[in-house]
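As a plain string of letters, each chain reads:
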Amino acid sequence: MPTPGISHAHSVVEPSSLSKGIAGVLVILYAVVTMVPLAWIFLTGLKSGPDSIAYPPKVLFEPSAEGYCNLFFSRSRQTPEYIAQLPPSSGTCDSLARSSNMVVVGASNFMPRFLNSLIIAFGSTALSVVLGVTAAYAFSRFKMPLKDDLMFFILSTRMMPPIAVAIPIYLMYREIGLSDTRLGMILLYTAVNVSLAVWLLKGFIDEIPPEYEEAALVDGYTRLQAFFKVVLPQAATGIVATAIFCLIFAWNEYAFAVLLTSGAAQTAPPFIPIIIGEGGQDWPAVAAGTTLFLLPILVFTVLLRKHLLRGITFGAIRK
Amino acid sequence: MTFIEPRALLEQAARATPEPLAHRVRGLSDRAIAWLFIAPTMVLLLAINIFPLLWTIHLSFTNYRANRPNAALLDVGIDNYVSVLTDPDVWAAMQATAHFLFWTIFLQTLIGFALAYLIDRRFRGHGFWTTVILIPMMLSPAVVGNFWAFLYQPQIGLFNYAVSFFSGVPPSSFEMIGSVKLAPWSIIIVDTWMWTPYVMLICLAGLRSIPNYIYEAAEVDRASKWRQFWSITLPMALPFIMLAVLFRGIENFRMFDMVNLLTSGGPGSTTEVASITLKREAFEKWRTGYSSAFAIVLFVTVFGLANIYVKALNRVKNR
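Protein chains in written order, with this note's numbering: chain A, 1 to 319; chain B, 1 to 319.
Bound-form chain B, shown alone (with noise of 0.2 Å):
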C-alpha cells in the first residue's frame, strides 16, 4: 500500500527490450493506435470542459445576459472582475464557505482519523462494521441532504426529537434550517455524517501502511504507548491525512447539492457559500458575464489553493 509508486525501473527494463518486428510491419503502427486510443477522450474534453472555460472566460469580458441572447453584446473588459471583487456579497459567501470548510475538514478529520485509528485495533468483526460505515458517503447527496430537511422539522423532526430526549430542551424551542445561528450547523453536521468515512478510509490506509516493526523497535526501546503515537502514528499517517484534506478541500468548495436542498442559501444569506451565489447570478438573475467572472475567480482561487497545498504535501511526504 502505498503512493503511486515507481515503475520507472521496470518501465526501462521493458523499452530496452527490442520491439518485436513482426507489429511493426503488420496492422497499425503502435503510434496510430497511441492517437486512435487517446484522440476520443480529448476531443471529448475538448468539447466539453474546455471549449465552455474558454467560452466563459470570453464571457466574462462582456456584458452577455443568457435570457436575453439577442441584445447587443458589449465588451465590459475587465468590470466584471471589479465588481466580483468588490461585491460585498461575494465576500459574504466567501466567508460563508471559508466558515463550513474550516469546521467540516476539522470535525471530519478528527473523527475520521479516530474512527480509523479505532478500526486498527482490529476488533473482531471490524471488515464488516467498516463496510457499514461507509455507506453514507456512496449515496446521493441531494436526495439523502434532502431528507435531513425532514429530520430537522422543529415539531415533528427526529433530530430535534433525539436532540431534546438527551438534553431537555424542548424540541420546537429551536430550528436547525430556519435560525441564523443554527443553519450553518445544520449544513455542518449532514456533511460531516456524509463524509467522515471518506476520511476515515483515507487515515486507515494510512494508518496500515506503518510497518509494524517500528512500533516493534519502539516497544524495545519502552516507548510509552503516547510516545509512539505521536511520535511514530501521527507522523507517519500525516501525508495521508493531508491527502484526505486535500480531496475534502477541493469538493466542500465547491459545494452545492446539499446546500441548495438544505437552505438554499437562507435564511437570508446566513448559508450562500460560493456555489449558491454562483447559481443565483447565473441561473436567477441571468447576470451571465459577471457570474462567468465569478466562476473564474472560484475556479483559479482552488487551482491556486490546492497547488499551495499539494507542494506542501510533498515536502511532508518527502521528509
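Isolated chain A, as found in the complex (with noise of 0.2 Å):
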C-alpha cells in the first residue's frame, strides 16, 4: 500500500522485476496447491460413486447427478421385479436411482438441516449486530466508569474454549427447554459473536466524527435521532462488514452445534460429516453438500476482502 507523500514508482526500493517474477511464480503456485482440495470436493459432487473412489484418482469423468440426488434424496433398495412394474420415473434422479434397483422414497435432511443453517446464521447475525452497534456506540461516545474493563470482558467471553461453555449452557438449556431449538442456538451464537461485533463496531464508529452529531443536537437532534440518522448511515459499512463476520462465524459453527443439537435445530455442520450411503461415506454427496454449503462463504470473501484484517484481529489493526 502507497504511503502518502512517497513515490513508489521510481523509488531505490522497488523491487526489481526478476525478484518481482519469482515472487509472483512462488505465489501462485503456493495458492494453485491450496486450492486444489477444494477443486477436489466440487469434482467429486459431480462424480458418480465409483469414479469417486477410483485409483488412480480421475481427473476427468462423466458428470454424474448421483451425489447431488442423494444429497436432497433418500433412497431404498428394491427388488428389480417390484422396480418394473412401477410407472415411468419422474425424474432424473428418480430415473438414476432405479438404474442402481433404488427408488427415491423422500427428500433427505439436507434441506432442513440447510434451512436451520440460515435461520440460525441470519437470526444471530441480526441480534449481535443491533447489540453490538449500540453497545459500541455507547462504548465510543459516552465516558462510563470502568469503561476499559467492560470492553475487555467482553472480548474475554471469547477466550473460553467452547467445549467447556457447553457443559453448563447444555445443563441450561435442558431446565428451560432450550435445547435443540432455534432460539437457543440463536441465542448462544449471539453470545459469542457480541464481543466481536462490540469491538469491531468501536473501531468504526471511533472513526465517524463526534462532530457531525455536535452539529445535529445544535441542530434540534435529540441523541436517539442523530444516533439514528447521522451515526447509523455513517456506519453503513462496518455494520456490513460486522454482520459478515458474525455471519461466517455462525454459518461455520460446529462445535456447539454438534453437542447441542441433535434434530430439530441441527445445523448442516453436524449433519454434513454423517451423510451415509450403502456401506459407509457416500462421498459424492458429502462433496455436493459441502460444496453447497461453502458456495455463499467464497462470495463473501471477496466483498470482505478490504475489510479482513480487521475482522480478524478484532480490529487490533486497522487499515
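Treat the hints as calculated values from the structure; they're not laboratory data. If you're wondering where the values come from, they're calculated on a predicted model, not measured in any experiment. Wrong hints could be hidden among the right ones.
Here are a few chain A residues that sit away from chain B, every Cβ distance over 10 Å (derived from the structure) [what the hints assert, rightly or not]:
| id | residue |
| --- | --- |
| 1 | Phe-72 |
| 2 | Arg-77 |
| 3 | Asn-101 |
| 4 | Val-103 |
| 5 | Leu-115 |
| 6 | Leu-118 |
| 7 | Val-240 |
| 8 | Ile-276 |
No more than 25 Å apart at the CA atoms, straight line, and that leaves these computed lysine-lysine pairs for PhoX-like [what the hints assert, rightly or not]:
| id | chain 1 | residue 1 | chain 2 | residue 2 |
| --- | --- | --- | --- | --- |
| 9 | B | Lys-317 | B | Lys-225 |
| 10 | B | Lys-311 | A | Lys-147 |
| 11 | B | Lys-317 | A | Lys-147 |
C-beta: ideal position from N, C-alpha, C; glycine also.
Assembly of the complex is requested from the two constituent chains, each provided in isolation within its own frame, with the hints serving as guidance.
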C-alpha cells in the first residue's frame, strides 16, 4: 500500500522485476496447490460413486447427478421386479436411482438442516449487530466508569473453550427447554458473536467524527435521533462488514452445534459429515453438500477482502 | 495502518467543547441512553457466558453427573482438581495439544511470513492471488476438515496419490489417519493449509506498515538486502508476527472441530487434544463435575498464558 507522500514508482526500494517475477511464480504456485482440495471437493460432487473412489484418482470423468441426488433425496433398495412394475420414473434422480435398483422414497434431511443453518446464522447475526452497534456507540461516545474493564470483559468471553461453555449451557438449556431449538442456538451464537461485533463496531464508530452528531444536536435533534439519522448511515460500511463476519462465524460453527443439537435445530456442519450411503460414507453426496455449503462463503470472502484484516484481529489492526 | 491509535487528543478536544444544552433538556439523557444501549449486551453475556462459567465453577466442586440429574449432589471439595492434575490422560492430552500447537504455529508463521514477504514484492496481480490464498481460512473447519478424511484415504485418496506420485512410495503403504506416527501430522497439515493465510494476512500488514524511507536510508548507507531484512524488516514486523501467533495460539489451544472429524482423538489417544478429552469426559462418560474442573483448569491456563504473552508483546511493541 503506497504511503502518502512517498513515490513508489521511481523509488530505490522498488523490487527488481526479476525478484517480482520469482515472487509471483512462488505465490501463484502456493495458491494453486492450496486450491486443489477445494477443486477436488467440487469435482467429487459431480462424480458417480465408482468414479469417486477410482484409483488413480480421476480428473476427467463423465459428470453424474448422483451426488446431488443422494444429497437431496433418500433412497431405498428394491427388487428389480418391484421396480419394473412401477410407473415411468418422474425425474433425473428417480431414473438414476432405478438404474441401481433403488427408488427415491422422499426428501433427505439436507434441506431442513440447511434451512436451520440459514435461520440461525441470519437470526444471530441480526441480533449481534443490533446489540453490537448500540453498545459500541455507547462505549465510543459516552464517559462511563470501568469502560476499559467492561470492554475487556466482553472480549474475554471469547477466549473460553467452546466445550467448557457447552457443559453448563447444555444443563441450562435442558432446564428451561431451549435444548435443540433454533432460539437457543441463536442466543448462544449471539453471545459468542457480540464480543466481535462490539469491538469491530467501536472501531468503526470511533472513526466517525463526533462533530457530526454535535452539529445535529445543535440543530435540535435528540441524541437518539442523531444516533439513527447521523451515526448509523455513517457506520453503514462497518455494520455490513461486521454482519458478514458474524454470519460466517455462525455459519461455520460446529462444536456447539454438534453437542447441543441433534434434530430439530441441527445445522449443516454437524449433518454433512454423517451423510452415509450403503456401506460407508457417500462421498459424492458429502462433496455435493460441502460445495453448496461453502459457496456463499466464497462470495462473502471476496466482498469482505478489504475488511478481513480488521475482522480477524478484532480490530487490533486497522487499515 | 497502526495498532489501535491513540485518539485521546481528539476525544479530549471533543469533551472540552461545552455540551449543547438542547439535548440535556429534551429526550433521554446521555446517561440513560448509555445504559439503555449497553444493558442488553451485558444481560446476554451475563446469562450465556458468566452465569454458565459460575455454574461450571460450582459444579467443579461436586460429583454431579448430567446423565443422573436426580442423584444426591455431594460436595467433594477440590478432589476433582486433584484428579485432573494427577490424571495421566490429562497430561497426555496436554502433551498432544502442545505438540499440535508448536508445529502448527511454527509452520504457519514460517510459511505465512514467507508468503507475505513475497506478496509484498507487489508483482502484477498480487491483489487477486492474495484473495485466492485467503479462501481456506474463511471456510468451515468442520466441513472442510471432514472432506480431508477423504483425501487421506490410503487406497483412493488424492493426498496419498500425490505423495506417491512425487516420492515413489506406494500409496497404500502409509495411512495418514490410521497410524500412530502420522495421525498428528494429518491434523497439522490440514490446520496449516487452513490457517497459514491468516498469519500471512497479519504479517503482510506488518510489512506494509514499514515506511519506505527507512529502506531508502539503508540503501544510501549501502546496507545489503540481507542486512536490511534482519535489521529492518524482521524487527519491525515482529509485533505483527507475535500478534498472529497469539491469535493462532488461543484458537488452537481450543481446537476441536477438525480433530473431532478427522481422527476424533485416535488412533488410541495419539491425537487426543485437550478439547477432545474434555468432550469425552463431559458428554460420553458424563463426569460433569470432573470435566467442569478440567474446563476451569484449561480456561485458567489459556488466560494466564495469553496474559504473559501480551505483556511480552507490549514490550516488543514499545521497544
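For each hint, the structure was consulted:
1. Phe-72: Check passes; 17 Å lies beyond 10 Å.
2. Arg-77: holds (24 Å)
3. Asn-101: About 24 Å separates A/Asn-101 from the closest Cβ of chain B, which puts it past 10 Å; holds.
4. Val-103: holds (27 Å)
5. Leu-115: holds (17 Å)
6. Leu-118: Correct as stated: the minimum Cβ-Cβ distance to chain B is 14 Å, above 10 Å.
7. Val-240: holds (16 Å)
8. Ile-276: holds (12 Å)
9. B/Lys-317 with B/Lys-225: holds (24 Å)
10. B/Lys-311 with A/Lys-147: Given that 25 Å is the threshold and the Cα spacing comes to 21 Å, the pair holds.
11. B/Lys-317 with A/Lys-147: Answer holds: B/Lys-317 to A/Lys-147 is near 24 Å, not above 25 Å.
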